[in-house]
Amino acid sequence: MAYSDKVLDHYSNPRNVGSMDKNSTEVGTGLVGAPECGDVMKLQIKVNPQTNIIEDAKFKTFGCGSAIASSSLATEWVKGKTVEEALQIKNTEIVKELSLPPVKIHCSVLAEDAIRAAIHDWKKKQDVAKPAAVAVQ
Amino acid sequence: MSTDVKTIPQAEHIAPNGVKLPVYMDNHATTPMDPRVLEEMLPYFMEKFGNAASRNHAFGWAGEEGVETARERIAKLVGATPKEIIFTSGATESDNLAIKGVAEMYKEKGNHIITAVTEHKAVLDTCKRLEKYGYRVTYLPVQKDGLIDLDDLKRAMDDKTILVTIMAANNEIGVLQPIAEIGKLCRERGIIFHTDATQAVGKVPIDVNKQNIDLMSISAHKMYGPKGVGALYVRRKNPRVQISAIIDGGGHERGMRSGTLNVPGIVGLGKACAIASEEMAKESSYLAGLRDRLRDRIMNRLDEVYINGSWEHRLPGSLNISFAYVEGESLLMGINDIAVSSGSACTSATLEPSYVLKALGAGDDLAHSSIRFGLGRFNTEAEVDYVADRVVETVSRLRELSPLYEMAKEGVDLKTVKWAAE
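Sequences listed follow chains A and B, in order.
My numbering puts the first residue of the first sequence at 9, with every later residue one more than the last.
My numbering puts the first residue of the second sequence at 6, with every later residue one more than the last.
Note that these hints are calculated values from the structure, not bench results.
Any given hint could turn out to be false.
[To be verified] No farther apart than 27 angstroms at their CA atoms in a straight line, the calculated lysine-lysine pairs in the DSSO-like style are these:
1. A/66 <-> B/423
2. A/98 <-> B/423
3. B/423 <-> A/54
4. B/414 <-> A/66
5. B/105 <-> B/25
6. A/66 <-> B/420
7. B/105 <-> A/131
8. B/423 <-> A/132
9. A/30 <-> B/423
[Claimed, not checked] So, partial list: chain A residues that the calculated Cβ filter (under 8 angstroms) puts toward chain B:
10. 22
11. 40
12. 44
13. 46
14. 68
The beta carbon of each residue, even a glycine, is placed where N, CA and C say it ideally should be.
All chains, full assembly: derive it from the sequences and hints.
As structure tokens, this is what we get:
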């Protein structure tokens, strides 16, 4: 297997590794993949409720080098974007950026899924939190 | 593929403890050739180039002499007679010749073949092809330790069974099947017994008479010989086993395998066997020592590490380990100055994890996390220490990156999690 320089770089120096409090209302967590398939990604975002801007992102990935690189890159890309902008990120852009070969395209799909799952989780929390916030006011 | 794609860069050429990099520890895939083997082969490329089948001149006689010496040396290593050794292009051809050869020769007697799910593809795919031609094949399961259950074998045998083909040592997990017991069961019932002994010959003692072996596949490049040459042992008496040829032509090798003999390769195989006859006992305890050292230096420093396959019934140089919560290919990428193999799907063309590890029932996740270390004649203690350090360091780093390790540490039972991809 040949790896691109960018995959090697993300593998050797993964960005934004870590975990955030999954119970915080500001944090959305996406957990995608399955151990049996050889890939599991956990991607978390911390969103500013006023601006909807993703202020921080963290990941942990069980998977091959391309899966690690895809999720590492995803955290870099979502940071500073609004939730709506982050939803526009396509797996094909990850493929292009990392020069992923055809057999590794599923890694990029999983990274896109992880972003969506994290945002979905965050949105769900906001829907639950909103009525309560209104009640306090 | 775009131009900025390149292969993994190799690390510094010499490690701090003096180990030359990269370290080769994939001796089940192939072995480096022993210099003594090469030395023996060299004259047969130029001076002694004759066709061993040329019976009427000195060039031919020189070739034939080289071939017959090799035949004797191979026979001696496995307790056979020279006439029972048929040269082939390697163990894959030997497996094909044995299985298809018996299937055709004994088709009047029966159409049932017994093998095991963990066999090499050269056996499994040959059996699958025969199924298309109306043969019935039983694929025996293996137990958790990778060994077949002899009672399963007994139950599978019937009056239509013409062949049992079970490997001597497994190429992925190194486990040794109970060959002598299998041979005895076959002999009692008049069933022909073939064993793919590619990984076993020259590593552990093999005696075709004591173990009741009727047909046996041998490869040169797994025992410090050249690639592209192997042999099939075919029993000549008690009982006499006959096989149909799969390659027709000039009638070489008593009609069982036509084609001009690969004289230098055969000479190399012979020398490799001669060395093994002399050195196997000593080498085997040396390799077992290295293997145990590697195991201890990894397992004493990492938790949740599992050895795949029986520890007791195992090749001396073989160690297959699953590192839970770490994916095999990413581990290989981290230890890119070490040549080993993984059972991970990502390292195979099919995107399926190792069928051998799956057959042990360990679960696909542990198959994805497996690394096969294959120690050989030229590995050193310093290399083992270097490899163990690099593995421990990389597994630890990847576990810090692994959501599964984090969840397991938090007490989450990963078996009960509902995974999105299922």
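Q | Violated hints, by number in ascending order, as checked against the structure | A | 5 and 7
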